[in-house]
Structure formats: C-alpha cells, structure tokens
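Visitor: Sequence:
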Amino acid sequence: MPLRNKIRPHAPADRPSPQSRSIGARSRTLPASTLSSWGGARLALTAFFAVDGLLFAAWVVRIPDIRNQVSASHGALGLALLCVSAGAVATMPLVSRLCLRYGSRPITVASLVLLAVSVPLPAHTHSVPALGGVLLLFGAGYGGANVAMNSAAVEIVSELGRPVMPSFHAGYSLGGLLGAGAGGLLAGTLTAAQWLAVAGLLGLVVTALAGAALLRSPAARPVGTASTTAASSGRAGAGAGRVLVLLLGLTAFCTAYGEGAIADWTTVHLTDDVQAGAQAAAAGYVAYALAMTTGRIGGTWLSVRLGQNRVMLLGGFTASAGMLLAALAPLVPLALAGFVLVGLGLANLFPLAIARAGAAGGPRGVALASTLGYGGMLIGPPVIGFLADATSLPLALTTVAVAAAVAALLPLAVRRH
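Per the working numbering, the sequence shown starts with residue 1, numbered consecutively.
It is worth saying that the hints were derived from the structure and are not from the lab. It is possible that part of the hints are untrue.
As the list claims (entries may be wrong) - Computed beta-carbon distance windows for the label pairs:
id: 1; residue 1: S73; residue 2: R242; range: 37 to 45 Å
id: 2; residue 1: P333; residue 2: R101; range: 50 to 58 Å
id: 3; residue 1: A212; residue 2: L395; range: 47 to 55 Å
Remember, predicted model here, so these are calculated numbers, not experimental data. Ideal placement from N, C-alpha and C gives every residue a C-beta, glycine not left out.
Starting from the given sequences, assemble the full structure and let the hints guide the process.
Guide: See the structure below:
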C-alpha cells in the first residue's frame, strides 16, 4: 500500500504540530468555492485509490486459475509473484522523479492506465517466465500508481488543512473488497481471462472519468520542500533516534511480510489445503480485507484509547493467533475466521510503525522504515513458496504467525528507547 510522504515528522504523534495548526488556520480562511473545488479533487483521487485496490484484488482472487494455467509449482509461482514486487520497487524511484518534474496528477493518471492495461495480461500467459514478465509490467503500474497517488494526496491534505489521508486509503481498502467480492461471485461464471478483462476495462473507464476531474481541479503546491530548519531538525532526529527507527522499521518489515504472504497465498491455501471451492477461496481474501478495513477505520480511536504500544502489541498477537488458526484449521469456516483475526491484527501495525518512525527520525526515519517494510512485502510471497515446496503450504504460512508475534514484541523494545 502507498506509504511515501504521508507523515509529517516534526512533532510527537499525540500533539498537533505548529505547522498543522497554521495549515488549519489557513484552511478556515479559504472561501467555500475553493474548498468545494478541492473537495472535487479529493473525490477524484479517492476514486483512483479505489480502482487501484480493485485491480489488485481482481488479480489476487484469480491467482489459483493462473497458477494452473501455467502449471507452476509453489516455488515457481512464488518467483513469478516476486516480479510484482520487483517491478513496483524498481519503478518507485523513477516515478518519484517524474512527479517532481511533471506533477503528481498526470503521473497518477498514466500509472493507472498502465495498471489497468496490464491486469488482463496474466490470463494470456502459458509459462512461468511469460507470467513473470507480464507481472513485472503489472508491478510497475502498481508501484508507480502508489507513489503518484500518495504524492497527490499529500498535496491535497496540505491544501485542505485537514487530516484526510485515511479517507484515501479507506478508498483503496473498499476497492479491494469490491474487487475480491465481485471476483469471487463471478468465479463460476467468468473465466480468469474474461474477469480480468472486465476489471481492466472498468479501470480504464474510472481512470478516464476521475482523471478528467483531477486534472481540471486547482493546481496544488508540491509538498516536501521543507525549510532548512525543518530539514536540519529531521536529520538530527534521524541521527538521535537511529535505533528506535530501526526497531520500528523491523516492525514494518514483519507486518508487510504477513500482508504480502496473505495477499498472494490465501486463495491458493484455501483451494489446495482446505479444499474450498472457488467462491469460498475468494471469500478468504474478502474476509481478510474487510477485517483490515474495519480495523483501520477504528485505528485512530483505539490508539487514543489504549495507546499506540498496546494497539501494536494486541494487534500483533491477534494476527499471530489468527494466522495459526487459518493455516492449520481443517475446515473452511475456521480458516475464514482465522483470516478475519489476521486482518484485524495487522490493520494498524504498519501505519503506526511508519508514523512513529517519522516522529522519531524525520524524513530519513520514514524512508528507512518504509524501505524495510517494502522489503518484507518483497520477500514474503517467494519465501512462502520455497518453504511450501520444502515442507507444506500450511506450515510455511505459520511463519506469518511468527513474524506477527515479533511485530507485537518490538514495541516493547521501542518503548525503552
């Protein structure tokens, strides 16, 4: 999920920064017509987040069909899935530079077009190398869209002067639910090729409509050109809190390892090991995504009520217990219940870790924690695949439970720093 430039690291998380107060004061002076225009840009960008989540979920729920089509083993499928993350990570630095040169909005539109066009391609491959090649393209569109959308979202948040970033990511989660739900319901009606073609066409339509609205909206001032004082403060914070940021980055790594593994292996596990039908297998990812969406909606309230350390501790252990249940349960209902617990548990670990790394280490803290997080997302699917070939897929998935438990314990070490 999109992470860059989301955190303003200059003040502790429990107090609004002077910068945020000044932005809020500025937003109250804006005329209603201006706020209305920015509201249109916000809605258009939310649509982009939603279609991004929909297209990714549309692919995820048909992974078993594509696996059978290319006759891939668990290990070979893991390598092919690695190409999604590799394409995304390789593209992100380039897209970041393109956003600075041409603006985040046109790059958002271009990235979503690439993503929508590449979604149907896996269904037309008949070998693992060919599948890996088209997944590199898919990953490039996905990674580029995430960087560009987040850059545009940060600019809109700054202009509105209100903390509306969670609403964009709620759009992503809801789009993922729609894609997984529709994909599951239509699994018995449409082939993988037909379903992915429909999803790609829908993505292009939404991109055209939302892109026209976004590009017509008032131009935003780029965010991220911090003053010298702020930059110096960020560098000092990163140096002083290096150990703290590293621990938070490891928390992000463990969490993203689980998220990547769940996204790519849920439907395969339910199909092969629990003997679930196509619709029930798709329901596993739907249950996980719905639980994660619910957990993130309530994440701010929980953090205020319980404190961030407790939310992360309880979340990690909940995800660990849920993953053990999902991996080892012999019945579909029990496995689905396990995936619900995993979604609830993992929901707030990654966002809180990235936010606290930004507060402790400034921009460099966010960069380090995010890089470690992407590393976890990158290695999760192939590691599960190789372990599944060496042992079994249920046993391989228990490593997600171990990672979640480590993520639960790391905040205790963070508190000491």
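Visitor: Compare the structure with each hint and give your call.
Guide: Status of the hints after comparison with the structure:
no. : hint                    : in the structure
1   : S73 x R242: 37 to 45 Å  : holds, 41 Å
2   : P333 x R101: 50 to 58 Å : holds, 52 Å
3   : A212 x L395: 47 to 55 Å : holds, 50 Å
In the structure shown, no violation is registered for any of the earlier numbered hints.
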